[in-house]
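*Asks:* Below are the chains, spelled out letter by letter.
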Amino acid sequence: MAKGVCPECGAEIEIEDPVEKEIVECEECGVELEVSKVDGDEVEFEVAESEGEDWGE
Amino acid sequence: MKIGLICDRVSWNEKALINAANKRRGVEIIEILSDDLILDASGNDHNLPEADIYLQRCISAIRGLYVAAVLESKNLPVVNTYEASRICADKTLTILALSKANVPTPKTYLAFTIGSGLKILTEKLNGIGVLKPNIGSWGRLIAILKDPLSAKAIMEDRLMMGVLYHTFHIQEYIGGEPKRDLRVYVIGDRVVAGIYRYAPPGDFRTNTAGGGKAVPLAITPEIEEISLRAAKAVGEGVFGVDLMETPNGYVVHELNHTTEYRNTVAATGIDVPGAIIDYLIEKVKR
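For the record, the sequence lines run as chains Z and C.
Going by our numbering, the first sequence opens with residue 1, and the numbers climb by one from there.
Going by our numbering, the second sequence opens with residue 1, and the numbers climb by one from there.
The following block holds chain C by itself, in its conformation from the complex (with noise of 0.2 Å):
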């Protein structure tokens, strides 16, 4: 069985599945690079090396998109979704997807002038919110809005910016202490691994890749009903899903199409990769 990994680099994710793949009898993975794809969106004068099943893991998630919506056109198995991945690839999307499946999330709101984005600040959100690009990752660009000088300011900055930022995406702020949110990973219909991850000190950002600090998580019958209902309100396959706590009970604000899972292997042993590996050894057993 060969499984395609179609990624832009090789992280330490992507090196993981790699090894986990080597270990299983039978099983041939393929890096392929984006960098070297010729994609046909008219035919199938293709580059790309044949596999059973392919797992897109790039870190672009423009690049991803194409190359999910190219491959499943195409009739090739794809590993997420083009539908699941264009909706985990932008904040409001999943917001949207989320909510239609009835799975509670922070209130969020979106506005297309700083004039609205004042309104949502001071008469729908008490004050506080959370500004955050529809598109993006690892707690870039997010910024907490707290008075309405500042919050001019920050969304001028924003409409200096690409158009990608002139969408003002904001979120209820979910305070509390700690300062920590729920990484929960759905693979199939099975939730295998979770961490709490903690805010580095200063920051309200829990983004490990921005320091925070990943501590295993015991999953309870609520955070993982919580987690299946809200990976399939985007479809089946391998997602992580961000929680927060409230005093009315979980919200999901996050879901990721690319998960990384390298602090969560390290805090929790749990083998995330193998059980990417062994999905997708089931999916085409299928």
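For reference, chain Z alone in the conformation it holds in the complex (with noise of 0.2 Å):
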């Protein structure tokens, strides 16, 4: 399991074969997050681009 922190309010956040741009939710502040760098089992976060107007499926 490789382990990150949020940038937002610093918890510690694990993640389970992380790929980057993967979008994750802190489970203490609810902010979604974004996978920007995978090195082993560190993971570093980016709070994650807000909704764009053409987003969507």
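Rather than coming from a laboratory, the hints here were simulated on the basis of the structure.
Possibly wrong hints are sitting among the right ones.
[Said to hold, decoys possible] Among chain C residues calculated to face chain Z with C-beta under 8 Å, some are:
1. Ile-62
2. Leu-159
3. His-166
[Unchecked claim] Calculated lysine-lysine pairs in the DSSO-like style (CA-CA distance at most 30 Å, straight line):
4. C:Lys-15 / Z:Lys-37
5. C:Lys-2 / C:Lys-232
6. C:Lys-283 / C:Lys-23
7. C:Lys-15 / C:Lys-74
8. Z:Lys-3 / C:Lys-23
9. C:Lys-107 / C:Lys-15
10. C:Lys-74 / C:Lys-2
11. Z:Lys-37 / C:Lys-283
12. C:Lys-179 / C:Lys-119
13. C:Lys-100 / C:Lys-2
14. C:Lys-15 / Z:Lys-3
15. Z:Lys-37 / C:Lys-119
16. C:Lys-179 / C:Lys-152
17. C:Lys-232 / C:Lys-179
18. C:Lys-152 / C:Lys-124
The beta carbon of each residue, even a glycine, is placed where N, CA and C say it ideally should be.
Take the two lone chains, each set in its own frame, and fit them into one complex as the hints suggest.
*Replies:* Structure below.
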């Protein structure tokens, strides 16, 4: 299990088989995060981009 | 076999595709982030990793359209096709394609001015309609128009926004209780899963992204037939078909070409991402 820290609240976040640009929600503060770097078992997160006007399915 | 998964971000949906592909022998899935892409419109000098087939799942509709257009013009197989994506990305083009294929849809009108929009509301739709952006998802900016004064104000607001919102797509409001619609997953020539989507309390929109609740749907022959015909109206591929119930039967109001399935998998236990990967494998083998 890889680990990183929420840039918003500092909570530790665990993530399985992380991939770049993966979206996860911080369970502490609820902010949507994006995986910005994967280095072995260490992961860096950024706050994810907010919804664009052409986003969707 | 290599599958190129083209996306802007890796949501639960894309991660599930990666996991499904990794479980299948002889299949390698390559994550291709649109942020890093350089596509050569005039030639073939792309930085696109090689793959036997590409699955286009950009969350940005416009990025996805360009990706599909370039790949297809270079004879690289992409799901969904540019043509299907172009139609599904636009709610008006979708209704046109469905209507041409004799698939029942809600009554849908277009107007370019507030005056014409109000005439649609009062003269064509008995005073109640739903205003939708032509390009948009997850229920964003879908407004119910119930009286001319507030309808006028809503349309005035839209004219203050980007040009995307200046064409008024106004659809018949399908009422009734409970407030729900159907999402049916068509992959290739078969229906693999379906859910009812119930609107959350205090809303008429059923999008699960906005709090709508997913409940398993039993696929009847009638649902199967209309969903397959709806998907066929835009071509073969992977689609989320949205239907509503009316006293005269089902109508199709939208087709989704980068359909999400997280809530469907949770509600039904059906492996939709696995079915997508199997479809891509079959398509390469064909």
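*Asks:* Please go over all the hints and tell whether each is borne out by the structure.
*Replies:* A quick look at each hint next to the structure:
1. Ile-62: The hint holds - Ile-62 (chain C) has a Cβ within 8 Å of chain Z, the shortest such distance being about 5 Å.
2. Leu-159: Not OK, violated: Leu-159 (chain C) not within 8 Å of chain Z, min 15 Å.
3. His-166: 13 Å, violated
4. C:Lys-15 / Z:Lys-37: At roughly 16 Å apart (the allowed maximum being 30 Å), Lys-37 (chain Z) and Lys-15 (chain C) satisfy the hint.
5. C:Lys-2 / C:Lys-232: 27 Å, holds
6. C:Lys-283 / C:Lys-23: Roughly 18 Å between the alpha carbons, so the hint for Lys-283 (chain C) and Lys-23 (chain C) holds.
7. C:Lys-15 / C:Lys-74: Given that 30 Å is the threshold and the Cα spacing comes to 27 Å, the pair holds.
8. Z:Lys-3 / C:Lys-23: Judged against 30 Å, a Cα distance of about 24 Å means the pair holds.
9. C:Lys-107 / C:Lys-15: Distance ~38 Å between Lys-107 (chain C) and Lys-15 (chain C) Cα, so the pair is violated.
10. C:Lys-74 / C:Lys-2: Judged against 30 Å, a Cα distance of about 18 Å means the pair holds.
11. Z:Lys-37 / C:Lys-283: 34 Å, violated
12. C:Lys-179 / C:Lys-119: Distance of about 27 Å is within 30 Å: holds.
13. C:Lys-100 / C:Lys-2: With Cα atoms ~36 Å apart, Lys-100 (chain C) and Lys-2 (chain C) exceed 30 Å; violated.
14. C:Lys-15 / Z:Lys-3: Holds. Lys-15 (chain C) to Lys-3 (chain Z) sits at ~17 Å (cutoff 30 Å).
15. Z:Lys-37 / C:Lys-119: 54 Å, violated
16. C:Lys-179 / C:Lys-152: 25 Å, holds
17. C:Lys-232 / C:Lys-179: Cα-Cα ~27 Å, so holds.
18. C:Lys-152 / C:Lys-124: Given pair Lys-152 (chain C), Lys-124 (chain C) holds - Cα atoms ~16 Å apart, limit 30 Å.
Going down the numbered hints, you'll see the structure goes against 2, 3, 9, 11, 13, 15, while the others check out.
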